[in-house]
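Residues per chain are reported as follows:
Protein chains: 2
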Amino acid sequence: MSNVVNKEVSKMKGKQSILFKNPPYIIAASSVAGKKEGEGPFGHLIDTVHEDVLLGKDTWEEAESEFMKEAVEKALSKAELKSEDIRYLLAGDLLGQLIATSFGIAELKIPFFGLFGACSTIGEAMSLGAILIDGNFADKVIAVTSSHFASAEKQFRFPLGYGNQRPYSASWTVTGSGGVVLSNQKGKKIEGATIRIRGITVGKIVDYGIKDTMNMGAAMAPAACDTIKVHLSDMGIEPTYYDKIITGDLGYVGSDILIDLLKEENIDISKNHMDCGKEIFDQESQDTHAGGSGCACAAITFASYVIKQLQDRKWKRVLLLPTGSLHSKVSYNEGNTMPGIAHGVVIEAEG
Amino acid sequence: MSNVVNKEVSKMKGKQSILFKNPPYIIAASSVAGKKEGEGPFGHLIDTVHEDVLLGKDTWEEAESEFMKEAVEKALSKAELKSEDIRYLLAGDLLGQLIATSFGIAELKIPFFGLFGACSTIGEAMSLGAILIDGNFADKVIAVTSSHFASAEKQFRFPLGYGNQRPYSASWTVTGSGGVVLSNQKGKKIEGATIRIRGITVGKIVDYGIKDTMNMGAAMAPAACDTIKVHLSDMGIEPTYYDKIITGDLGYVGSDILIDLLKEENIDISKNHMDCGKEIFDQESQDTHAGGSGCACAAITFASYVIKQLQDRKWKRVLLLPTGSLHSKVSYNEGNTMPGIAHGVVIEAEG
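One line per chain: the protein sequences are A and B, in this order.
In terms of the working numbering, the first sequence has 293 at position 293, counting the first letter as 1, and numbering is strictly consecutive.
In terms of the working numbering, the second sequence has 457 at position 106, counting the first letter as 1, and numbering is strictly consecutive.
Bound conformation, chain A alone (with noise of 0.2 angstroms):
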């Protein structure tokens, strides 16, 4: 990947990977999250914790809306921005027809690209709005993501009030918004490194057949094996280029599957893997079984820690790849399984 820079270079690599030639600039990253999160290993780090999760609004799904448009509101704050600077927003959530996302940034008034990915769509977002940026589609756009444990329990699972046992393979959907500016220049205030988007594996639908909701872990992990084994062949790299590979939100039982289905590929990321689901919360003291989960988990994981470590240039070069699990209520009633996909995303530190 050393000849990133050279305009010769087809941006196109291998069977599904993308380098870019411009690499676009995470000018700011925001961060806002609910009380559960803000008591977990990351919570000095998010931008704004909540102590009401319900942020005085009627209904959950409104709540989660709120999330999302705080972090807009942040990260634009963060990139001294108004909204009218922002060309494109990419964004998403976990909700049917993602209702948080459009009653969350109608009135930013953005030109909006609606995307799903369930818990991989940072990924979606951040390939796409480099794609925008790097090919001189825009100069600035934003991604996030939200989720919210109240409102996917109610969309995926039992309401709340039915108190139903959670195995352990179970994972706890992450309750905030995260989000990042990206820019085709630097950014203003330059904190730290200069961080940059290198490229993208954009990810398969990968379908092992798991049917329990409970356990996303082992349905996403099959799909996360297929990206790495991917983006490692079409980028011409070793798993130890990175400092950290950071999947979303396979939490402890898919994460053990997945480094374990890439042993079988002779491919060992043991010693660089990191997973949001896991890191997000103190799996001992928070009761939260598998780990996180939802569309917030790794956003707001990147948001808060991965930025952190890369601006402080204790890590050099991160491979963020979302996971997420592409089911439905209506699929798991009708016998459906799970299919999994994840997407790529290369993001380096310089200076």
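Treat the hints as calculated values from the structure; they're not laboratory data.
Possibly wrong hints are sitting among the right ones.
Capping the alpha-carbon separation at 30 angstroms, the derived lysine-lysine pairs in DSSO-like fashion look like this [unchecked claim]: (1) 263(A) x 15(A); (2) 109(A) x 229(A); (3) 154(A) x 680(B); (4) 57(A) x 562(B); (5) 82(A) x 580(B); (6) 271(A) x 188(A); (7) 229(A) x 35(A); (8) 362(B) x 13(A); (9) 109(A) x 408(B); (10) 186(A) x 82(A); (11) 362(B) x 11(A); (12) 595(B) x 433(B); (13) 433(B) x 229(A); (14) 667(B) x 366(B); (15) 366(B) x 82(A); (16) 57(A) x 539(B); (17) 364(B) x 188(A); (18) 680(B) x 21(A); (19) 539(B) x 408(B); (20) 82(A) x 263(A); (21) 659(B) x 622(B); (22) 595(B) x 372(B); (23) 15(A) x 433(B); (24) 460(B) x 429(B); (25) 362(B) x 109(A); (26) 78(A) x 316(A); (27) 15(A) x 362(B).
Partial chain A-side listing against chain B, Cβ under 7 angstroms, derived [to be verified]: (28) 11; (29) 14; (30) 16; (31) 96; (32) 109; (33) 111; (34) 136; (35) 207; (36) 208; (37) 286; (38) 328.
Quick reminder that beta carbons are idealized off the backbone N, C-alpha and C, glycines included.
Given the coordinates of chain A, work out where chain B should sit on it, guided by the hints.
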């Protein structure tokens, strides 16, 4: 727009539009639909019409997935390509968590961007697909969307067995799927004119406070008005630049509102406006009230009737403007409005 091939001209036009430097070619368009659509005015132009809208499946959702899969396979065969020749697939549908899409395309194993813009999704998919091609990020992509009368009624309204009455303003969800293959090169077999995507205008969310899900035309018309107004201003053209300005599924009610709203802005499209929702069914004989709707409405109309007019050189330039109502059953039941969005795609015939 005469200087479209001038390499010095920025791709960014005005506030929210893009003019492509190397306008992507539409090298194939495919349409697969149900019996009712087959009996409509475009029936003879639709590639495959199925008498059994369940397609032998157990559920409406699985049937919708199959429609999309068939549309992709048909597009591939018309373009004389295999699925491995397609670098990225951009797709979406109306169902929560895009299950029609995920289960429809999983086995094709094409790297995938999931999109949601309600019935505007084919506009979003063609826009991002064209960006991928023009920006040199892909050589060939597919943009495809689906909808199904029965799965949509179940998702958004009442069970079919309930047999509720439909007001005049209600639309009829189109059953089927339509898609296009975009390429950076002319197709092998060129029938008629060469067709290219010249530019796009990405829509903003516009919310006029409409709450009646049986009147989606009224909810989407303000968004269509906004995108058309911005598009004409960004591109510096008059409505007469186009042979047709083709909205997605405003239907009879929404189309009248659009024309009135634009007249207030001193923009007259009454002479060259067409709405896919008004045209895809015969209103009188097919009992479809305000017209057709759904992600497949604009997709199938474009891939059957519109592309034929362009190929036959009856039209030279059209603005395709799929329209979407960004609501869900949950947001409706919680008393929320129906925000609208419309994405504009400039399609021109050469030669």
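Hint check:
Annotation: proposed proximity of residue 263(A) to residue 15(A) holds, straight-line Cα distance about 22 angstroms (limit 30 angstroms). Proposed proximity of residue 109(A) and residue 229(A) is contradicted: the alpha carbons are some 39 angstroms apart, above 30 angstroms. Proposed proximity of residue 154(A) and residue 680(B) is supported: the alpha carbons are some 13 angstroms apart, at most 30 angstroms. The straight-line distance between the Cα atoms of residue 57(A) and residue 562(B) is roughly 19 angstroms, inside the 30 angstroms bound, and the hint therefore holds.
Annotation: proposed proximity of residue 82(A) to residue 580(B) holds, straight-line Cα distance about 23 angstroms (limit 30 angstroms). For the suggested pair residue 271(A) and residue 188(A), the alpha carbons sit about 36 angstroms apart, so the restraint of at most 30 angstroms is broken. Distance restraint check for residue 229(A) and residue 35(A): the Cα-Cα separation of roughly 37 angstroms exceeds the 30 angstroms cut-off, and the hinted pair is therefore not satisfied. For the proposed pair residue 362(B) and residue 13(A), the alpha carbon gap of about 24 angstroms is at most 30 angstroms, so the pair holds.
Our distance criterion of 30 angstroms between C-alpha atoms is broken by residue 109(A) and residue 408(B), whose separation comes to about 42 angstroms. Note on residue 186(A) and residue 82(A): the hinted pairing holds, with a Cα-Cα distance of about 17 angstroms set against a maximum of 30 angstroms. For a cut-off of 30 angstroms, the pair hint linking residue 362(B) to residue 11(A) stands: about 18 angstroms separates their Cα positions. For the given pair, residue 595(B) sits about 33 angstroms from residue 433(B) by alpha-carbon distance, which is inconsistent with the 30 angstroms threshold.
Simply put, residue 433(B) and residue 229(A) have alpha-carbon atoms about 23 angstroms apart, close enough for the 30 angstroms limit, and the pair holds. Under the criterion of a C-alpha separation no larger than 30 angstroms, the hint pairing residue 667(B) with residue 366(B) is consistent with the structure, at around 25 angstroms. Using a Cα cut-off of 30 angstroms, the hinted pair residue 366(B) and residue 82(A) holds, with the two alpha carbons roughly 14 angstroms apart. A threshold of 30 angstroms between alpha carbons decides the hint, and for residue 57(A) with residue 539(B) the separation of about 57 angstroms lies outside it, so the pair is violated.
Note on residue 364(B) and residue 188(A): the hinted pairing holds, with a Cα-Cα distance of about 25 angstroms set against a maximum of 30 angstroms. A distance of roughly 43 angstroms separates the Cα atoms of residue 680(B) and residue 21(A); the hinted pair therefore is violated under the 30 angstroms criterion. Our distance criterion of 30 angstroms between C-alpha atoms is broken by residue 539(B) and residue 408(B), whose separation comes to about 35 angstroms. For a cut-off of 30 angstroms, the pair hint linking residue 82(A) to residue 263(A) is broken: about 47 angstroms separates their Cα positions.
With a CA separation close to 21 angstroms, the supplied pair residue 659(B) and residue 622(B) stays within the 30 angstroms bound. Proximity of residue 595(B) to residue 372(B) is assessed by CA-CA distance (about 23 angstroms); at most 30 angstroms being required, the pair is judged to hold. Among the hinted pairs, residue 15(A) with residue 433(B) is consistent with the structure: their alpha-carbon atoms are about 14 angstroms apart, no more than 30 angstroms. The straight-line distance between the Cα atoms of residue 460(B) and residue 429(B) is roughly 19 angstroms, inside the 30 angstroms bound, and the hint therefore holds.
For the hint linking residue 362(B) to residue 109(A), the alpha-carbon distance of about 21 angstroms falls within 30 angstroms, and the restraint holds. Taken as a hint, the residue 78(A) and residue 316(A) pair is honoured in the structure, with Cα atoms around 22 angstroms apart against an allowance of 30 angstroms. Taking the CA atoms of residue 15(A) and residue 362(B), the gap is near 27 angstroms; set against the 30 angstroms cutoff, the hint holds. Proximity of residue 11(A) to chain B holds as hinted, the smallest CB-CB distance being about 5 angstroms (cut-off 7 angstroms).
Below 7 angstroms, beta-carbon pairs count as interface contacts, and residue 14(A) has none with chain B, the closest being about 11 angstroms; its hint is therefore violated. Interface restraint check: residue 16(A) against chain B, minimum CB-CB distance 4 angstroms, threshold 7 angstroms, status holds. With a least beta-carbon distance of about 3 angstroms to chain B, the hint placing residue 96(A) at the interface is held under the 7 angstroms criterion. The beta carbon of residue 109(A) is positioned within 7 angstroms of a beta carbon in chain B (closest approach about 5 angstroms), and the interface hint is therefore held.
A least Cβ separation of about 4 angstroms between residue 111(A) and chain B falls short of the 7 angstroms threshold, and the interface hint therefore holds. Nearest Cβ of chain B to the Cβ of residue 136(A): about 5 angstroms, under the 7 angstroms cut. The hint holds. Interface restraint check: residue 207(A) against chain B, minimum CB-CB distance 5 angstroms, threshold 7 angstroms, status holds. Against a cut-off of 7 angstroms between C-beta atoms, the interface hint on residue 208(A) is violated, since the closest Cβ of chain B lies about 11 angstroms away.
For residue 286(A), the shortest C-beta to C-beta distance to chain B is roughly 27 angstroms, which exceeds 7 angstroms, and the interface hint is violated. With its C-beta approaching chain B no nearer than about 4 angstroms, residue 328(A) sits inside the 7 angstroms limit, and its interface hint holds.
Checked against the numbered hints given earlier, this structure breaks hints 2, 6, 7, 9, 12, 16, 18, 19, 20, 29, 36 and 37; the rest are met.
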